[in-house]
Amino acid sequence: MTATLERVDVRRTAPAKGRSRARARNRFTVLAFMAPAIIGFVLFFGYPLIATVIFSFTKYDLINPPEFIGLGNYTFMWGDKLFWTSIENTLWFVVVVTIARTVFALGVASVIARLKSGVGLIRTLCYLPSLAPPVAATLVFFMVLRPNGGPLNKVLDFFGVDSPLWFSDPSWAKPGVTAIMMWVCGDLMIIMLAAILDVPQEQYEAAELDGAGPIRRWWHITLPTISPVLLFGIVNSIILALQLFTQAIVAGSAATGSADPTGSTKNLGYPQNSLLTFPTFLYQTGFRYFDMGYAAAMATVLFVISFAVTIVLVNKMRKSSHAEEGGPGA
Amino acid sequence: MRKTTRAALLCVAAALSLTACAAGKGGGSNSGAAAAPGKDDKITLTVWSNYSDREYEEVTKALNSFKKKYPNIEIKHEGAQDDDKITAGIRSGNPPDVAMSFTTDNIGSFCSTGAFQELKPYIDRDKPPMDQINEAVRSYTEYKGNRCAMPMLTDIYGLYFNTDMLSAAGLTKPPSTISELLDYAKKTTKKAADGSIEVAGFLPTMMFYNNRPQIWAPFFGAEWDKDGKSALASSPGWTEMFKFQKDLVDFYGYDALERFRAGLGQEYSADHAFHQGKIAMMMDGEYRTAFLKAQAPNIKFGTAPFPVLDSKKSELQGVGFTTGTIMGIPKGAKNPGAAWELIKHMTFDKETIVSLANGIKNVPSTKESLSDPNLQVDEQFKTFIDLAKSGKLKGNPVTPIGDAHIKAVGDYATEWQSGKSTDLAAGLKGVDQQIDDQIAKAGK
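Residue numbers (the numbering used here), protein chains in the order written: chain A, 1 to 330; chain B, 331 to 774.
No lab work stands behind these hints, which were simulated from the structure alone.
Since the model is a prediction, treat every value here as computed from it, not as a measurement.
Treat the hints with care, as some may be off.
Counterexamples of contact, computed for chain B against chain A with all Cβ distances above 10 Å [unchecked claim]:
hint: 1; residue: LYS372
hint: 2; residue: PRO566
hint: 3; residue: ASP640
Derived pair list, reagent style DSS-like, types lysine-lysine, alpha-carbon separation capped at 27 Å [claimed, not checked]:
hint: 4; chain 1: A; residue 1: LYS81; chain 2: B; residue 2: LYS576
hint: 5; chain 1: B; residue 1: LYS450; chain 2: B; residue 2: LYS674
hint: 6; chain 1: B; residue 1: LYS771; chain 2: A; residue 2: LYS59
hint: 7; chain 1: A; residue 1: LYS154; chain 2: B; residue 2: LYS520
Think of the CB as a built atom: it goes at the ideal place given N, C-alpha and C, for glycine as much as any other residue.
Make the full structure from the sequences, and use the hints.
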């Protein structure tokens, strides 16, 4: 049974006088229903977005009215070493955290999906870390990975492996933060688990009859079926990596022996600016150095990059869903 | 299409006008001195500071001593308020009446932006004894002649040494020059058979604990600027400082040093390396004396002025680095007249200063309170009192770019100590350029 909806053409059916009134009423009704969303969008997204772009062309110290300086902030950005370092670091996190987090969450979900007993307990245990506040989670990791006396490094030392310096070594600080991000990926793991459990059993049975082993079944059935969820996981992880802030600040601060877990400007990015992420640098510029104009310019650049990445991914998502439905892209 | 364009333009115009309104907001202006409160005015003064726990209680007690002069004024002291919150308060038009900042890093920004009101009209009117405040302390509470803050006690930095460790190495007095410090550091260091460090004589790692460029610089005669430009490359003190640091890093071996350092406790915890007997000497402020007595009563320690560069010994002997808490009246404060009276009280009232200095073990910020018989001065604390009296204190370099200049030097120092950068002269020139560019951009 199929139900079809027919659009009623008001121009043909209604008399001329009542047509415009009906149309106006119709528009008003639609607008009234959309109003809360429109107001929210304009107030909390539209206005800040446009204001940020406008501020990016000004010198603005948060206290006094902004002063128009044209492209000054953007030209300064071009020669700003720290700006490029922060871009480089964030891109590193976007690539590595996205891959690591998605693969790890998928791996854990795939294992849990095959478990016969204790599923509830293990699922809960794997999900729990994602509830830990980022500051606490980072400090716990800092203690666990501590080179001199930390539990993990004691184990490594026992096996004669030279333990890394983690948050004190610029080449290990980013992997250290990535490990934290993997540990707290329980939310993504749960979504992936739900997607895996949603794959129709008949497909597995048919493939098994055709002689497909577990790896082939996973590759040819599970993976294509959960691909929209996988793509969601990738987009979600990219956004998370682009916004990486708390973990970078806390880890760097703790590594300098600072008593201030929320970080001090002097320690942002420690060691050797390896943890100076784009949001960290933006925050420092805007709120610690009182240079909101420059921070707004950076935020605009971040927005453009995120927007471009989102468009590419959404297009990819559309294509993949077309392919799944047997559309032109198939 | 036309409709869409029109709607978009309308949105931009609306955002522009909203932005202009929001940006212009920020409270009242500060033209002239506000009148002092009358004896019958019922006022509640809000004070924001970043103090917590025991120190918060002591500062609250000191603030309440103001009620002896003004019984009609209530003080509402809110702790755990850092500079970000103060700025947000000013921006939203709801600042406190008095803001206390833990760091002097932002004084350039506070003064140049008008975030803290100019105090000159009040000083001209009331003529408080400004000469009671040490010159270095006066300099870190103003920017380019605009005084927008007053000090509340000061911190002075010097050398801490573990007397048992020095004795065990056959050293009877603390080092007084950088070459002696290097020698002492090597003699008091203990390494295990595998080359790992068990005890470090002196930790040279920059940006760890109080190893900060601005704190070290005065002892090497390193100058921050010359003729309005950053002068790190042309000031020999910086080169000497970095060479000393690298010599000691190389003595330990960078990897061994980093492995040792990464296992040390946090700065204000009982696990601090000096409290645990893991380092023999260190740079720290006078407040450490109280921490050591409370958290590590078994550690026998002494204090001394930090060693100075050999070639400038006569010139630099007795020099000390100073910084401290600053107080200002934020733009838009509701009771600026009463706020000034409170700031004046906290800056100049001898009894309050001495009592607070005894309570939180900081150095008093006025000359008369330094010599007050009620000030509790033991052998270790005396070093810092003597430094305060020496007249050779150096304050934080004040710029309109917050602590960006300090971060630039610190970033380079961490590259230098790791061996990533080997051309010191070129590195310092690069730092100069970075600082100059940022100051030029700030344009204040």
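Checked hints:
Every CB of chain A lies more than 10 Å from the CB of LYS372/B, the least distance being 30 Å, so the non-interface label holds. For PRO566/B, the non-interface assignment is confirmed: its Cβ lies about 25 Å from the closest Cβ of chain A, beyond the 10 Å cut-off. Residue-level check passed: ASP640/B sits 29 Å from the nearest beta carbon of chain A, beyond 10 Å. Distance check on the hinted pair: LYS81/A and LYS576/B sit about 24 Å apart at the alpha-carbon level, within 27 Å; holds.
Annotation: proposed proximity of LYS450/B to LYS674/B holds, straight-line Cα distance about 13 Å (limit 27 Å). Taken as a hint, the LYS771/B and LYS59/A pair is honoured in the structure, with Cα atoms around 9 Å apart against an allowance of 27 Å. For the suggested pair LYS154/A and LYS520/B, the alpha carbons sit about 22 Å apart, so the restraint of at most 27 Å is met.
The structure shown violates none of the earlier numbered hints.
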